[in-house]
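Between the sequences and the hints, there should be enough to build the whole structure, so can you do that?
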Amino acid sequence: MNPYNYLYVAGLLFTIGAVGVVVRRNAIVVFMCVELMLNAANLAFVTFSRINGTLEGQVTAFFTMVVAACEVVVGLAIIVAIYRSRRSASVDDASLLKR
Amino acid sequence: MVIQTPEAIMFWFLAPLAVLSALGMLLVKKAVHSALLLAWVMITLAIFYIAQDALFLGIVQIVVYTGAVMMLFLFILMLVGVDSSDSLTETIPGLRPIAITAAIGFGGLLTSLIGRATLGRSPVGLSQANAEGNVQGLAVLLFSDYVWPFEVVSALLITAALGAMVLAHHQRTVARPTQRESSIARFRLGNLSSAAGLPGPGVFARHNAVDVPALLPDGTPAPTSISATLKARGDMLESGQFQLDVVDTTVVEEK
Amino acid sequence: MSTSSSLVYLIALPLFGAATLLLGGRRTDKWGHLLATGMAASSFGVGLYQLSEMLGRSGEERAVTQKLFSWIAVGNFNIDAALLLDQLSICFVLLITGVGTLIHIYSIAYMEHDENRRRFFAYLNLFIASMLLLVLGNSYLNLYVGWEGVGLASYLLIGFWNQKPAYATASKKAFVMNRVGDMGLSFAIMIAFATLGTTTFEGVQEASHHASEAALTAIGIMLLVAATGKSAQFPLQAWLGDAMAGPTPVSALIHAATMVTAGVYLIVRSNFIFDAAPTAQLLVVIVGAITLIFGALIGTAKDDIKKALAASTMSQIGYMVLGAGLGPAGYAFAIMHLLTHGFFKASMFLGAGSVMHGMNDEVNMRKFGNLRKFMPITFVTFGLGYLAIIGVPPFAGFYSKDAIIETAFNAGGVKGIILGSVALLGAAITAFYMSRVMILTFTSRGRWDDNAHPHESPWLMWLPIAILSVGSVTAGFLFTRGDALVHWLEPVVGGHHGEHEEFLPALVVSGLALTAVAIGVAIAIVKYQLSDVDSIAPEKVSALTRFVRRDLGQDAFNEAVFMRPGQSLTKLLVASDDRVIDGAVRGIARVAIGSGSALRKTQTGFARSYAAFILIGAIVLIAGIWVVTQ
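So the sequence lines, in the order shown, correspond to chains A, B and C. The end of the first sequence is residue 99 by our numbering, with every number in the run present. The end of the second sequence is residue 255 by our numbering, with every number in the run present. The end of the third sequence is residue 630 by our numbering, with every number in the run present.
Check before you lean on any hint, since a few could be wrong.
Simulated pairs of lysine to aspartate or glutamate, DMTMM-like, Cα-Cα distance not exceeding 20 Å [to be verified]:
hint : chain 1 : residue 1 : chain 2 : residue 2
1    : B       : LYS30     : A       : ASP93
2    : C       : LYS172    : C       : GLU148
3    : C       : LYS164    : C       : GLU148
4    : C       : LYS30     : C       : ASP114
5    : B       : LYS29     : A       : ASP92
6    : B       : LYS29     : A       : GLU71
7    : B       : LYS30     : A       : ASP92
8    : C       : LYS601    : A       : ASP93
No lab work stands behind these hints: they were computed from the structure. All values reported here derive from a predicted model rather than from experimental measurement.
Here it is in structure tokens:
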């Protein structure tokens, strides 16, 4: 087996996450799809690290995790704030940009 | 570097499962199920990390992602309403075909690119880099070459925590009503039936389970006494079996 | 070159007068005219002082300068506001302030009953200041300021009675035609700066020695355009006749003695350019020759006394331009004729004003006649001016005009014969129409309106005329005595070396000129003195007469050649501005609006559709990488 196979898995997961962002309407699910994409990227970093024999990829993945954690905290706070004012967690309901 | 058979077996077993779970995330109706499927994908990834000599990241993945982040997700789901399920019918015309076509194109291009890409050498493996242990190796990098990004990221974390607090903070525009004020307001509503407030579950009932509606003074069941979540799940019991037999419904108004 | 700190007072005094009268308003009504006259007289005094200082120095060192302030200092473009008083400008300074003062005094009486007399005097002072700046500036740019200033003053004074629409139109006409000339001057300055790198007279003279002839010719032609505008020379002559709408003292000062001669000054001042550019010089001569005949012909058909004098002015300036175009031989004579003309024409204009004063502001000569008995002083002074202008010895015009005719004959070859003959013909016509003016006004049978009660003017009016008459009698003799003026001006305009062979002896030329004058006078006497003249101009006249009466078609020509095409061009420009420029702007707006409303359809407001666009963008990016790494 070849470590490149991990990369294929990462690509597929990333694609699935991207589609999820587009097709799902629940803001929380959309957010989870974003997390999936970040995780797919992390898998790719770890695999690169292994292929290259250096730990730099792992360090990058580590930083991605930290940033993702920050993003989750703030993003969920935003979702809660929107939910509190509009009683809805659907991203389609927050379409005021058009008007 | 040679990949051992056990790892190959593990990969071929777990990778399709992860992809299928991710697909399921898109297809299931309820957000809670999506969250659980995502948690499983993350655990799979953690196993992949450990298998690829990234022991520290694997542990962190489990602790931070499946432990903290996913719990946060579930917590918010509970807050927003665990029962809020998505309708999977598309409301924006033409978006779904576009998304699926784009996904196929994107995935196809990405896969073909990975297939074509070469790093110029055969995979090296981390046995040398991890000679003193994976955690030690990462620590050396983090506290030497990457110490500045590391500090910046710590500042980012603090800022994010503060930001979340600010966003979640609810500023009251009017004073919180006191018990007396809300009591007066109830009587002012004009409808005396609401004056007494919502009945608690099992009041006047011969059964005190949370899924049994209370009985109103006239003996009829009161659906408002049951939690909306239970009602939405259809977990409410029929209260007729607990109803009183005869109730005097005449009300004599005193002069 | 030595400096003098008192030059600025020449300009500052009348400028102060103008500012006081204009800013002081009605409060200065009572004494404003006295202040203005005083300022003009003091300026004349400063001029006399400067002259005495100048006489105390020897020839080459007579010029003095005064730097007022650094005006423009941009890179290598440095212009000082500085004054230059040399032998040429002192002549003008004394003419402007001297004649100006006399006309100020005359105006006190002439404008006595006008409620805006103070404003009139303010404008007069403004004119004096501007004209002095014009002749005192040490660079073309400084001259330009004065040039525009006199244009402004001329405009204000022609339209002084602007409640009459015809007068207001006349002032506008003068202003617009002057602008054409001003454009020529500004072009000349720009070309001078671009090719010679300086605009001071001294610097340009220095640089003209090694400048290309083409550049000098261009500058010369542009200066000539400027001169034709200001001096009412062909083809920009049409405004002068209408400029007589202004009060008569204005006609005397601005449109006879001083401002209209600024073009001659400009040409003489730029002698170094014209000497080095024969083509431009030839054009100057041609313009002068055409104008002197043109003006004289117009003069023969005018019944309005002021317009007849205006036509005569045009013609006499034609003589000066002709003289100035003849090179070093003619510069001094052009200036001499300018000075003598300043005396006798001013005196005649003031005399005409005196006649009008006595005849209820009537200007039609056919309604005058036999006034010599009622206005003896005016008759005598006007008659002296008349003898001077037609060139009877020993009056001033004889010396100066004869000198120009002689120089024209001596220009050599066919050119000399043509120019000399033209000048002689002009002298004959001048004699004819001036005799006509004289006879119709003073000596023939009276043809007055019933309510006319001719009477002599007050002493405030006839005294200045009398002083000017003395000048018109003696000036020519004084200037030519021992070639005084020629030697005086030699340091500025250069001496007349390279003697031409004399084509005709001076006495022969004088004889010819006198014969021509005698013929002209004789025809006038036969036609107007001995035969009866109607008080209404005869209608049944030859086509030629009608053509001359219409000013040789100058206005019709301007209207057909410039005004109508100009109007069409303006309409075309308006239309093209509307369609092309505004159309382009509106078209851009329409494209922006259209593309905006098309693009707006993609802005659904749904975050998910934006995400879809991002995804498509990512696909394009990866497809790009895919293609590049093929």
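For each hint, the structure was consulted:
1. B/LYS30 to A/ASP93: OK: B/LYS30 and A/ASP93 at ~18 Å, within 20 Å.
2. C/LYS172 to C/GLU148: The hint holds at about 15 Å.
3. C/LYS164 to C/GLU148: Not satisfied, since the Cα-Cα distance of roughly 25 Å exceeds 20 Å.
4. C/LYS30 to C/ASP114: Answer holds: C/LYS30 to C/ASP114 is near 13 Å, not above 20 Å.
5. B/LYS29 to A/ASP92: Distance ~17 Å between B/LYS29 and A/ASP92 Cα, so the pair holds.
6. B/LYS29 to A/GLU71: The given pair, whose Cα atoms are some 25 Å apart, is violated under the 20 Å limit.
7. B/LYS30 to A/ASP92: Cα-Cα ~17 Å, so holds.
8. C/LYS601 to A/ASP93: 18 Å, holds
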